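Enquirer: Below are the chains, spelled out letter by letter.
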Amino acid sequence: MIILEVTGLTKNFGGLAAVSNIDMKVNGGEVLGLIGPNGAGKTTFFNLITGVIRPTKGQVVYKGKDITGKKPHEIAEMGIGRTFQLNPLFPNFTILQNVLSSFQLRPRSTLLGTFFNTRVYRNNEAYILEQSLEILKLVGLDKVKDEMAQNQPHGYQKMLGVARALAIKPELLLLDEPIAGMNPDEIDNTIEAIKRTSHLGVTIILVEHNMKILEICNRVIVINFGQKIVEGLPQEIKENPEVIRAYLGSGHDTKH
Amino acid sequence: MSQATIILLVASCLNALILSSMYILLGLGFTFLFNIMGILNFAHGVIYMIGAYICFILASTVGINPWLAMLVSIIAMGLFGILLERFVFRPFLGNINLIIVVCIGIITVLKNAVSVSQTYTVQMTPPFVQGVFKVGIVSLSWERLLIFLIGVGLLILVLLFINKTKQGLQMRAVAQDKEGAILQGINVNYISALACVIACALAAVAGSLMGSYLTVNPYMGDDIMIKVLEILVLGGIGSINGVFFAGLIVGVMDAFLPIVVSGTQTQAIMMFAIVIILLFKPQGLFGKEVRT
Amino acid sequence: MGLMITVRDTASRRKNYIQIIICGILICFLAIVPLLTNSPYNLHIFILTLIYIIAAASMRFIMTSGQIPLAHGAFLGLGAYVSGILSKHFGISSWLTLLVAALVAMGVGTFISFPFARLKAFYYSMISLFFGVGMLQTIESFGKLTGGITGITGIPTLFHTASKVPFYYCFLALMLISLFILYRLEVSRIGWNLKAIEQSYLVAGSVGISVVQHRVLAVAIGCFFAGLAGGMYATYNVTISPSSFDMAATLWLIIYVTIGGMGNFAGPIIGTLVLFLLPQYYSGLKQYTPFISAAILFAVLYTFRDGLVSVPGLVVSFYKKRKKGRSKS
Amino acid sequence: MKRTGSTLLVTSIIMTAILVLSSLAGCAKTTSTKTSTTTTTTTAQPLKTYTIGLLAELTGFLGAYNTATVNEAQIAVDIVNEQGGIVVGGQNYLLKLVVENGQSTLDGTTAAANKLIFSDNVKIIIGPDAYFNSAVSGLCEQNKILHIAGYCTMQPDELDASTTWTFLGQAAAINYFTGALAYLKANYPNVKTVALTMPDDGSIPFFGAAVQKMVQDAGYTVAGNIIGYNNSATDFSPYSAKIIATGADACIACSGVVTPNGNILKNIRDAGSNMLFVICNSVIPKNYIQVAGAKEATNVVDCSAGYIGNPNPSSMLQEMIRRYQLSTQGADLVTLEYANPVYELVQLFKQTNSFDPQTLKTAFAGLTSIDTFYGTGTISGIKTFGINQAVSYPLPITTIDNGVATFRQYEPAIVP
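Protein chains in written order, with the numbering used here: chain D, 726 to 981; chain S, -6 to 285; chain P, 28 to 356; chain U, 489 to 904.
Just chain D, same shape as in the assembly:
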């Protein structure tokens, strides 16, 4: 069954089109890789889906509902979680507090309940606490839960991003360059964590310019200059000449 459908999505910044006329379908439960060199418009694409910026034209349909141009928190409520490439966390909170403060939606407490510290509110918070600890175990951050987030190594911060995204109990999870700038064993851990997550039945779209990610994708879409150039299984993509040209054209490991 199709969980997310994007038709003719376009975003122009001034003159140039960051994303132009992209169509795609995402099936429930799959891991979809969205790869392309730097500046190909991958992050813009995520921002468009999650309502951070409004598309110039085109439509985003999630589980049959049109979510084009909704507010970020509304889209999050509908169960689309995401991580960020650059500032994935609240720097002045501890790891655990980061995850705790990401539980906004369910269970939810009323304003008055929150203020008067009712039993409901306290139960909710207790429940949230154990949930958070579980999530931290899942992504392997339970050892450092009381450390300040900003003092953590890059890999941990990225994983914290994933944990926070999981906190909203997403059915669709958008990961923005989850392994960018990681060292090899960090990459292995991350990929493990992503696999575990997807086994929980979460649909995952991940953006990378690093071809290594292909091994966990069921399906891959390559975009360049804001346009979809090929779509297919990881194997086909690896050999595809256009892709290779795109990558050699803009050396993808100049970054970092």
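Keep in mind the hints are simulated off the structure, nothing from the lab.
None of these values were measured; they are calculated from a predicted model.
Cβ atoms here follow ideal geometry from the backbone N, Cα and C, with glycine treated the same way.
Don't take every hint at face value.
[As the list claims (entries may be wrong)] When the alpha-carbon atoms are kept at most 27 angstroms apart in a straight line, the in silico BS3-like pairs for lysine-lysine are as follows:
1) D/K870 with P/K147
2) D/K868 with P/K42
3) D/K894 with P/K42
4) U/K701 with S/K127
[What the hints assert, rightly or not] Examples of chain U residues lying across from chain P (beta carbon under 10 angstroms, computed):
5) D595
6) F606
7) S607
8) Q630
9) I692
10) N841
11) G891
12) T894
Chain D is already provided as a structure; the job is to place chains S, P and U on it using the hints.
Expert: Relative to chain D, chains S, P and U alone:
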């Protein structure tokens, strides 16, 4: 339309131009500081006041030529700008609260220092030029014309500076993207200091001129400060063109509103005009688009 | 309160106890102030301090969401004028006007903040600045009702007694209630969401925190207490004038918060206490007093920028470090 | 580096702690000492002092001006003390001024008045300036404190029938206006319509209304409404343009300080109009010449502070001028707005031979004339203020032509 009304209108238009040139002069310096260091220099009005006082003291107490006095005051305030950047702004960059507090400290010290040190007499800088000339039915004093000319002249100079010279280009680079500029090997501290110097020098010019046109007193900077903020926000934070446009608007309002309403109401009306404009165009008239 | 539970390890529990004890001592001290001083004037100063503590604390509450309300002094004024005009010209009971003042301030604050809540926090600061100045100019220019620049005199008071003691205890109670409410909000999820928004509104949005709602909520609550404080000021001080709610008032509130310590709930309280009571000590210097104030400002600013509340922690860490150094050598 | 920093911290904490504690202690101490000073007036001592409260705006926009006037008052007190002080009840007293700062805000002034009454325990308060009296008169009424205002802008609650303990010890805006109007009436018959201008600081509904009435009673037609200007405007030429546009024969600057009035005059002349310009306030003519410029300062009538061209100044006034110039390197006297009340008080003390405010009040209210630095003052004001407690004295009229000020005559300037 009677002749009196015509004279009134023409005179008001001239007032508008003169006021605008003064406001834009101050607004530019303020915008530089904001663009390059990302700070709101609430002490700008006081710097203007100090500039006026230096010129006044040299010209009337010491008794040297007012033009020379103005030059000295410009240089002095320029140096003051360097100190300001190094010891006041740089330590607190990025924390707007601390910047505000430190600005209050400076304002308190300078203002009270002046009002304590000066005995109560009417103080004003001797005029730079004198006399009146007539254009048709409207007559205008050379003094006001001078203020206008110097204002415009300096504006052109500043524009040439930021558009033509190397430092100017570097300034724009820093204003657009600090990290990028650092990567490009631009010395941001140097550029910031330069911005401070320019801002303070412009304030000193404005202060010296107004000090001879009006009188000097320790509180002359307060209203100007609000005007500058109006211009900054109305024109769009950090946009140079915005400063020009907003400066003109505020000048026109200041010249024409007093004719229809009385005294302090002009201020109130202007404020709410601006608030309403911002309610519909929050990023100002020339501001860049802001994302949530 | 899950966010609190997480920090319930032994060390921080001890810290909490210490905080509670300090609060207790402070409250006891404030409770016996009328017995300590025999002059109505000193009591007058303390009453003003109570009022400004509410103002400063409410301002900090807004600031936790990353917005700097540059009209907070004006909102004090709004409250003061609403309560003053209502009770003087319309003869409404002062108790009622306190509430009305708070609600009016809250309403106006919300109205102003709403269009700007979805933008960068900076724009709210700017609009509030102009709104504040504009409001004062309006008060000054429409003299019939507001008395123009001279302000309003002869406002009916809460207690018709010469003694200031009833005022003191009434306002002390009001202050404690306000602080309690603000504290509960801060340690609850709302407070943490505000802090989250302040750190990164992008991330906050992505986990389902409604940035707009929370920012507006923060401003509304802050302005409510500002209005309350203003009303208290009017009903106590009998005379109000625009000049005491101008830009400078706002900036001084920011000073109370920053010097006390932005990072801690106790910050504005300590800041206000110190910066309000100290000037009484050197007010004999007449026109030279501002210099002392400025000196204190710079001293605090350049020695510990996290404000006075950060001092004990710094001292403790300093001695711990020294002990370590000893044990090493 | 860190280490020194932290030691700095420790010291500064201790400092702050000490300051806080001692501030409380300080409050308590001040009260105790003040009570003791007041008791000294009753206990037997060779040299006794009597304390008078002086309420002034030492900081804020009135700061510089009031610092000067307070200085004048202090000089007056010094003169009295050097002449051996005053004798009350057969006992010789030296006068002492306690100055409190109102910070140029109404609330600050209220606080300062509270401090004078409750903390310094004074029974007589001189000052404050201008409309800040509205904060003080009521307090003095409640606490039976003799209050001698330095100036009065006719705002509500400053001086009216309800404030029986408040006296106006020094010529106010309305006096200057009365003098100027009388001179205008007598010497400029061809003036028919006048334009009125004054600062738009909330005084227009009250002072403005009174002035407008007086002008119409004098048989002039007022051109347009009263033109209120913003005291802190950057440029006053819009107001000048407005004044010229009214096409009046003369413009009367009913009150206000030198900067706006001088600039309005200057801009009127620069705009090519030569209408008669009448200034009524305490500022001396030479300041207007300075602000407006020699060429622009012409065809001006000025009714200003009392000591200009005073033909036979009292010995007190001469002494005052001498000392003031000594203390300020030859600056001009300002207005004596706090010195005159001191002078009047001294006379009252001598007359009633007591410090009791009640006695002093009844004595003052009973008088019809009292001596001032500027000569004999008349006590009047029943029609203007609703109470007969305002001291007015002859004010000098000066005309300015091409930057030359010439003293014309004295106008009685008695407020009805």
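Enquirer: Would you mind marking each hint as holding or not holding in the structure?
Expert: So, going through the hints one by one against the coordinates:
no.	hint	in the structure
1	D/K870 with P/K147	31 angstroms, violated
2	D/K868 with P/K42	24 angstroms, holds
3	D/K894 with P/K42	35 angstroms, violated
4	U/K701 with S/K127	38 angstroms, violated
5	D595	5 angstroms, holds
6	F606	4 angstroms, holds
7	S607	4 angstroms, holds
8	Q630	8 angstroms, holds
9	I692	7 angstroms, holds
10	N841	31 angstroms, violated
11	G891	33 angstroms, violated
12	T894	36 angstroms, violated
Checked against the numbered hints given earlier, this structure breaks hints 1, 3, 4, 10, 11, 12; the rest are met.
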